[in-house]
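Protein chains in written order, with the numbering used here: chain A, 1 to 472; chain B, 1 to 353.
These are calculated hints, taken from the structure and not from any lab test.
Accuracy of the hints is not assured; some may be wrong.
Said to hold, decoys possible - Below, simulated DSS-like cross-link-like pairs (lysine-lysine); rule was C-alpha separation at most 25 Å, straight line: (1) Lys242(A) with Lys407(A); (2) Lys218(A) with Lys270(B); (3) Lys140(B) with Lys425(A); (4) Lys154(B) with Lys140(B).
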Amino acid sequence: MGLIKQTASQYYDGEVIYTPAAANASNVLTWPNSMTPLIWDATATQTSVNNYKVYVDNVEQTKDTSPYFLTESLSTTIVNGVQTQLLTLTSAIEVTSIAQSQAGSGYNVNVVAQTTGGNGTGLSVLTNSTDGNGTIYEAGSGYQNGDVVTVTGGNGAAQFTLTTTQTPVPAGSDIAVRLINSSLWDNYKSYQYTSLVDVVNNFIVAYVGMDKLISRVKRSDVVFHAKRGLQEFSYDTLRSVKSQELTIPPSLSLVLPQDYVNYVQLSWIDRAGVKHIIYPTTLTSNPQQVPIQDDKGIPTQDIYGNNLKATQSLTNDRWRSENQNDLTGQFDLNAQSNPGVYDWAWWKMAYGQRYGLNPEISQTNGWFTIDERRGVFAFSSNLANKLIILEYISDGLAYDMDSKIPKMAEQAIYMHIAYSVLSSKINIPEYIVQRFKKDRRAQLRNAKIRLSNIKLEEFTQVMRGKSKWIKH
Amino acid sequence: MAINVNTVYTTVLSILNKEQRGYMTPAEFNRIATQVQLEVFEKFFEDYNQYTRMPKTDVEFASRMDHIYEEFQTFMKSANASVIGTPSSELSFTNVTAYSEPTDTHRMGSILYNASVNRPEIELVNKREFTQQILSPLTKPTINFPIGVYQQNKVTVYPGTVATPTTSDVLFNYIRKPLDPKWGYITGSVGQYVYDPNPQFSLVPSRDIISSVSTNSTGITNATYAATVGTTNGVTTDGAGTGLTLSIVVTGNTITSVVVSSSAVGQGFKSGDSITITSALLTGANNSVIITIQDVDINSANTALSQQFEISDSQQTEVILEILKYAGLVIRDPQVIQAASQELAQEEVNTKR
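Same shape as in the complex, but just chain A (with noise of 0.2 Å):
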């Protein structure tokens, strides 16, 4: 049995189409649980979560949308361990027309009035008449044809009566259900993956039971195992790095992001794109404490008894005023047209910029720092406004999308369950234990070897670039 279980066209579209027989006032499209599982926020504002959009005849569907107004309701069941979603979709019934019954007096013209009453909540009216007379403003929901609603303000006697009308979607209309595009890119890229749901599935069949090495293992102790296998994966194997895109505010600083466990590089993108790395620096440093002191240098205290402590770091704040050039070495067109550039300063003398290049200083990309009292990226001031792409490790836990293994690991992960089980259970043979640690290595090592992913062409091509022959 193949492992794919989508059908070409939910993989490439992510999306199920549903065309109704009749005109119907609510339709149910059961949403197939080989696809990415659909999200919905009831809420569903602006920026709710959910990761589908819905069409009618290619016309992105919200229930703000005439003539429609569609409502969704996502139901999720599980019965015997199957998964079901089905989406609802219901015309709502809208106030399309409103006539008074009973004038009033005293209203102003031309505001918004409120109304109360009927079945619904939200309908207000644009008054044109001090009798309480207008049009609609806001039409609200949940009314109901014949309501009669009262205008608040004036004397607080006009009503109205509404006329609803509620639009199914026409029979024969192609209602497309549609994963939005990370959604669908995730799915994209799903088949170079396993979870660590199946991971601990696979490992409990085939390693655990009657006349293997590991007779019975605790399920959590294998969750325990494959986590911490992941964790360490992702440090140095898997290719788990994540970048974000971002842009340096004038404060020189930015938060680490929410999953950040280390960095692997920091680069300022110029306008053709290309990246330039942004070193860390060792010139600074962000204390991690900044206590007020009083005249004699004692920390000083609140009345609570604790250290009273500085919002800013001077330190932090003089690297941040500083021109870098003094400290790179880098002549602007004002220094170079200087006709005394060249005399002698103390501090042309310093860090190495005249005599003997430092490469670690003398370069002009910026540095950065992590302040660790802050939890902040901390970035030198000719940084600023610039575009970077911060590219980080995390840990391959911190979301449930993450929690996935790459298939050119799968095996280094089971060597590395059966390894931290044995050597961890009791009578189990040193010489079995030793076996399991070599294949864990072993395993390792192929891993990190194909996810280094070295392709014979682009090795060559690059050597080639170092003038070296290389047949091939």
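Mind docking chain B on chain A? Use the hints.
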């Protein structure tokens, strides 16, 4: 194939009556047979444990592991929880629910979580292990790796994800206790005991048990449906009963009559057992139909009915010898006890060699 209770009883009597040693009444036999069946049944698990630690063979019919598994597979069952508790909150978990094990559970095997995709196994832990596990972020239970605290015949599942729990959220794999064997009889014309082979714990033949339908359904296509418990697709029971055929009449898209077959009256049913019939059989049913068997439906009032041994006939020799051993006690004949014990010991040596 189960052991015929009449064969055992007559064999025991034949051996006992040799040289007019003594006699065993049906009532004595039934009590001893129950005891012996349980002894043999319990021994399956000890033997199975021993065999797992012995060298094994893959040769057909030679594997002791397979033999012993075959012996107790009759008693293996899967069933949903019998009762569910009220969801509550505990620590960071919400909707935590306790599910009671099926009422006929004898030995618990594994518990599966139906309320999670692909039905993962629930890892059973005690309360102390549970506390330790939730303290570690890496071993905290998740919907894919649920854990359950098993105590007081209930399993409390973490993390509780089901806001409206049902008994079908968890599936128990377990072993039920064998039914007590019974040599049923009627009194003959000259006062003799005459064996009655009709099964015990069967339903009253041809009885309409519509009053026992605890959950009916609507939307069913009008027809007469035949349902045999344990055979027909979509017809299951949470008890031990088998072989019961029902004729279900649907008129007005709902069930109006459920008539027990005149011949396939089943065996092993008891009051309180539920028979669930899903839409797999009842076309168009909006929900599963549940029949909860009542006392009046059971034909057990008739003491004449028999219950066969449930253990397989490969254990017949051992059962007879064990009964003889006890029979020797009943008739106070040490020779019978000694002979039976020697035979049993020899058989034990052979099987464990």
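These are the hints, each one checked on the structure:
1. Taken as a hint, the Lys242(A) and Lys407(A) pair is honoured in the structure, with Cα atoms around 19 Å apart against an allowance of 25 Å.
2. Using a Cα cut-off of 25 Å, the hinted pair Lys218(A) and Lys270(B) is violated, with the two alpha carbons roughly 38 Å apart.
3. About 21 Å separates the Cα atoms of Lys140(B) and Lys425(A), which keeps this hinted pair within 25 Å; it holds.
4. Note on Lys154(B) and Lys140(B): the hinted pairing holds, with a Cα-Cα distance of about 21 Å set against a maximum of 25 Å.
Violated hint: 2 only; the structure is consistent with all others.
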